[in-house]
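Engineer: All chains should be built: construct the whole structure from the sequences, respecting the hints.
Those sequence lines, one after another, are chains A and B. So the first sequence is numbered by my numbering: it starts at 157 and just counts up by one. So the second sequence is numbered by my numbering: it starts at 157 and just counts up by one.
FYI, nobody ran anything at the bench for these hints, they're computed from the structure. Take every hint as true, because none was put in to throw you off.
Because identical chains share one entry, a pair is satisfied inside a single copy or across any pair of copies.
Result set (SDA-like, lysine to any residue): computed pairs, CA atoms no more than 20 Å apart in a straight line:
1. 447 with 464
2. 532 with 542
3. 447 with 384
4. 447 with 489
5. 447 with 381
6. 447 with 375
2 protein chains.
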Amino acid sequence: MQEAASLTIVSCDCHAGAPPADYREYLDAGYRASYDAARRDPDRLERRAAEVIGTGPMSPDTDEEHAALTSRWTADRRLEVLDADGIAGEVLFPQPAGRAAPPFYNFFGHPLDPEDPLAAAAGCRAYNRWLADFCEGSPAPERHAGLALIGIVDDVAAAVAEVEWAKRAGLRGVILRSQPLSGYGWHDPRYEPLWSVCESLEMPIHTHGGEGLELGDLPGSRSIFFTEVVWFAHRLFWHLLWSGVLERHPNLRLVFTEQFADWIPPLLHRLDMQYEGTVSSLTLTEGLRMKPSDYWARQCHVGASFMSREECEVRLRIGVPTILWGSDFPHDEGTWPDTQAALHTTFDGVPPAELRAMLGENAIRVYGFDADLLAKHAERVGPPITDFA
Amino acid sequence: MQEAASLTIVSCDCHAGAPPADYREYLDAGYRASYDAARRDPDRLERRAAEVIGTGPMSPDTDEEHAALTSRWTADRRLEVLDADGIAGEVLFPQPAGRAAPPFYNFFGHPLDPEDPLAAAAGCRAYNRWLADFCEGSPAPERHAGLALIGIVDDVAAAVAEVEWAKRAGLRGVILRSQPLSGYGWHDPRYEPLWSVCESLEMPIHTHGGEGLELGDLPGSRSIFFTEVVWFAHRLFWHLLWSGVLERHPNLRLVFTEQFADWIPPLLHRLDMQYEGTVSSLTLTEGLRMKPSDYWARQCHVGASFMSREECEVRLRIGVPTILWGSDFPHDEGTWPDTQAALHTTFDGVPPAELRAMLGENAIRVYGFDADLLAKHAERVGPPITDFA
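Structural biologist: Below, the structure written as structure tokens:
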């Protein structure tokens, strides 16, 4: 088979969401009245977001900002943006805050009303149902892989049922909080049914930077939050490693998205040392039959949003088959609308086979994209692979 | 001046402590009765340690273990061990657990009775007073630099007074918990007097791996704790960075001990990106006039216990002047009693000037050792520098 001249690019970190009014019909009937009340105070979502993380309201000032805003929920507008960015396919996370965020839920981790986690669970379900319709109703459904938001897991059976629903609805994976809202963490055996269903239905589990410790409203708090938030998103890996979940569920897949990639080589080195008993007088292998780095290679991926040149240079130590590039569209910190320039900065000179893997083929395998259909879009919009020589 | 033929080695991570009976006279009179009661239940300390971190009781089975145990509190025995290990000088942390640990306090972070932090504060004071006597009473006081344990800081004025006492008593720095027992963290402006006194008295501030989040008694909890505990010890850096403490106190020095060194290059890279506004739509420089990596270079050190070859290879990115090697004597995970072999594994082929800096000169500068006096011991016990060519 001849290799395609164009690079098939999949962004494994894009964000979508509905205008608030559109979520209403997807909400369980019992939550519509309180949602209407929240919408009558349209700044409430923004205010809560600002409290949590210090962002201001989002209102489009420029044409580019308007494109970013409307493409969160308008599929044909969205596809134009992907085309212009040279991207064939995308993986969809929710908008973490602001007007298109899931009802009653912000930042992957903060129920708008911490006293009512059931409202947040209903908001996640509404988002998932809207997202399934968005992907299915797109003029090019083969270009979208939507992920179900499983934000609230106190009722483990309900979380399992939502994963099953998501699979039937065509969604391609699930997003968990960095840590459960209550209890000690993901190593708790009570979540075993969740790992089983995600393994058996081949739904990879994602964390995405978003939650940290309470830091108060003190000088530096917001910057400290930004520094720390990625670490909390990493924790799922070693919680499921040391509690034996990855050993018991060899087909379970984890994806760590928008939390950098440079932490992986030193972490794997240190976990292997811990397993081999060289960092502490206390050696606990916890029943694992392989080194921690072997579980990473077998079952984990990094959603390497706006991957840096430095991260690319250690790709062999991270594992090229584990790397999934992402643009983070439509967020300011991502590569859009200058994705092609960003790709050259990071990837120029990388051997073509590695480039194809990190930018597209790994994602096609993890998310079950149709490689032939994506290749047709790439012929039209993807950059020539020779450009990266 | 001719360079010495022998390498002057300072271990910046050693541990000492008294037999429990010896702490009694150093305790405030009001705490002696409850300390006697605790000592009548000699397993209580061990049990609490086992609960927290899973270690069993420590009792010497071999000659080597007996040397390790008695050298925690017997200076002449300790000096013999240092000599045999090729080490000229040492920096002293407390025993984190077991029989020689400070009264009412274990693991740098867990008051034995969480309901009585004042007892833990008294225990720290007793340890500090014992340590000052231990260093002063040694046959070679020029070889020891003791660090004061400031475990409880709810009463900031009392913590400041203890730093002032420690300086007068000849101790060379202070150890803080990874995070204060209460409140949001070290970025809280209430600790400003503590930073001022440590800066003006030239007392470098240390964290040492020891505290993490509560993980419950679940499968994997202990291993997760070990994986996470080092990260919590790193936090002091970015808490004091983003809250402006390092900017306001340019002569304050921080030392991050026994928590690895490989996390530093990726962290500095990411903090610089955060400062320059390339990782988030929210750019907050927090009033800093330099990049985060500049504050690291100016004010921080890593206590690189049992430093690995991989860490040595990135020494230029960490900053050679910031690296302080340590043996972690008398702990199993450290290099003792095979320090010379461990040094060759890590450092063979490193240019002599860098070797001298990381193994001794940096420590002499940070802790105020007398270089000439240490050089005399090194002539007797230190390895020839040509051995590392």
